[in-house]
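Spelled out from the first residue to the last, the chains are:
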Amino acid sequence: DVKVTQSSRYLVKRTGEKVFLECVQDMDHENMFWYRQDPGLGLRLIYFSYDVKMKEKGDIPEGYSVSREKKERFSLILESASTNQTSMYLCASSFAGNYEQYFGPGTRLTVT
Amino acid sequence: DQQVKQNSPSLSVQEGRISILNCDYTNSMFDYFLWYKKYPAEGPTFLISISSIKDKNEDGRFTVFLNKSAKHLSLHIVPSQPGDSAVYFCAAGGQNDMRFGAGTRLTVKP
Numbered sequence: 001d002v003k004v005t006q007s008s009r010y011l012v013k014r015t016g017e018k019v020f021l022e023c024v025q026d027m028d029h030e031n032m033f034w035y036r037q038d039p040g041l042g043l044r045l046i047y048f049s050y051d052v053k054m055k056e057k058g059d060i061p062e063g064y065s066v067s068r069e070k071k072e073r074f075s076l077i078l079e080s081a082s083t084n085q086t087s088m089y090l091c092a093s094s095f096a097g098n099y100e101q102y103f104g105p106g107t108r109l110t111v112t
Numbered sequence: 001d002q003q004v005k006q007n008s009p010s011l012s013v014q015e016g017r018i019s020i021l022n023c024d025y026t027n028s029m030f031d032y033f034l035w036y037k038k039y040p041a042e043g044p045t046f047l048i049s050i051s052s053i054k055d056k057n058e059d060g061r062f063t064v065f066l067n068k069s070a071k072h073l074s075l076h077i078v079p080s081q082p083g084d085s086a087v088y089f090c091a092a093g094g095q096n097d098m099r100f101g102a103g104t105r106l107t108v109k110p
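Residue numbers (the numbering used here), protein chains in the order written: chain A, 1 to 112; chain B, 1 to 110.
Calculated from the structure, these hints are not laboratory results. Glycine included, every Cβ here is placed at the ideal spot set by N, Cα and C. Treat the hints loosely; a few may be bogus.
Said to hold, decoys possible - Straight line, CA to CA, 20 Å or less: simulated EDC-like cross-link-like pairs of lysine to aspartate or glutamate:
hint, chain 1, residue 1, chain 2, residue 2
1, B, 5, B, 31
2, B, 37, A, 100
3, B, 37, B, 84
4, A, 57, A, 38
5, A, 53, A, 79
6, B, 68, B, 97
7, A, 57, B, 97
8, A, 55, B, 42
9, A, 18, A, 51
10, A, 53, A, 38
11, A, 3, A, 17
12, A, 3, A, 22
13, A, 3, A, 51
14, B, 54, A, 100
15, A, 13, A, 79
16, B, 37, B, 15
17, A, 70, A, 56
18, A, 55, A, 38
19, A, 71, A, 51
20, B, 56, A, 22
21, B, 5, A, 38
22, A, 3, B, 42
23, B, 54, B, 15
24, A, 57, A, 30
25, B, 5, A, 59
26, B, 37, B, 24
27, B, 37, A, 38
To be verified - For the chain B half of the interface with chain A, some residues (derived, Cβ under 10 Å), not all of them:
hint, residue
28, 4
29, 60
30, 101
Claimed, not checked - Some chain A residues well away from chain B (every beta-carbon gap over 12 Å; in silico):
hint, residue
31, 13
32, 14
33, 53
34, 62
35, 65
36, 67
37, 101
38, 108
39, 112
Use the sequences and the hints to build the structure in full.
Written out as structure tokens, the structure reads:
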């Protein structure tokens with residue numbers, strides 16, 4: 001069964017902290033994605049990766065960075081968390097050449 | 001700018017009736033369209049898709065219709081069941097350039 005896991009379901013951090021969100025998939029997918037979901041805005045792509053050590057900016061990369069050292073793991077990093085980064089963060093993965101993405105359960109991050 | 005729009009934030013339907021969820025997009029280069037379903041505290045799960053070369057795709061109770069000239073797609077659920085109550089996201093684009101709508105919350109009343 002397809003599985004995408006995210007390290008935390010809920011996270012509370014202070015402004016200025018460095019935050020790491022981890023995502024692991026066990027499907028040997030080439031592509032991995034990070035989205036944030038906000039009310040009225042749907043899912044917006046932050047970064048994606050189509051191979052180990054490769055990354056591409058999505059629509060809203062400002063304030064974020066990513067790391068993909070292994071095929072199964074894709075990390076999202078908030079270098080200095082701000083209150084406007086309070087959101088639901090969703091990780092997804094897919095096979096190369098395939099449109100269907102598999103999502104993790106999400107991490108609800110609150111920055112105070 | 002939102003390239004994929006779901007103009008109805010919510011929809012309420014009686015069990016057994018048809019649910020119709022709508023989605024509009026702006027980019028004529030989009031070549032693939034998907035619907036995802038999301039329950040609370042879970043990530044979205046794939047429901048049904050359609051490529052731009054087709055105008056209809058059916059899977060059991062779920063049918064997606066694509067009108068390329070109007071840049072519009074819709075999801076029909078017949079008959080609707082209480083377990084269909086969820087948020088439905090429309091997505092459109094290419095393999096690494098998928099854009100999502102804001103979602104429509106469907107409530108199916110017994």
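Check: Okay, which hints does this one fail, numbers in order?
Finding: Numbers 8, 9, 10, 11, 18, 20, 23, 29, 37, 38, in rising order.
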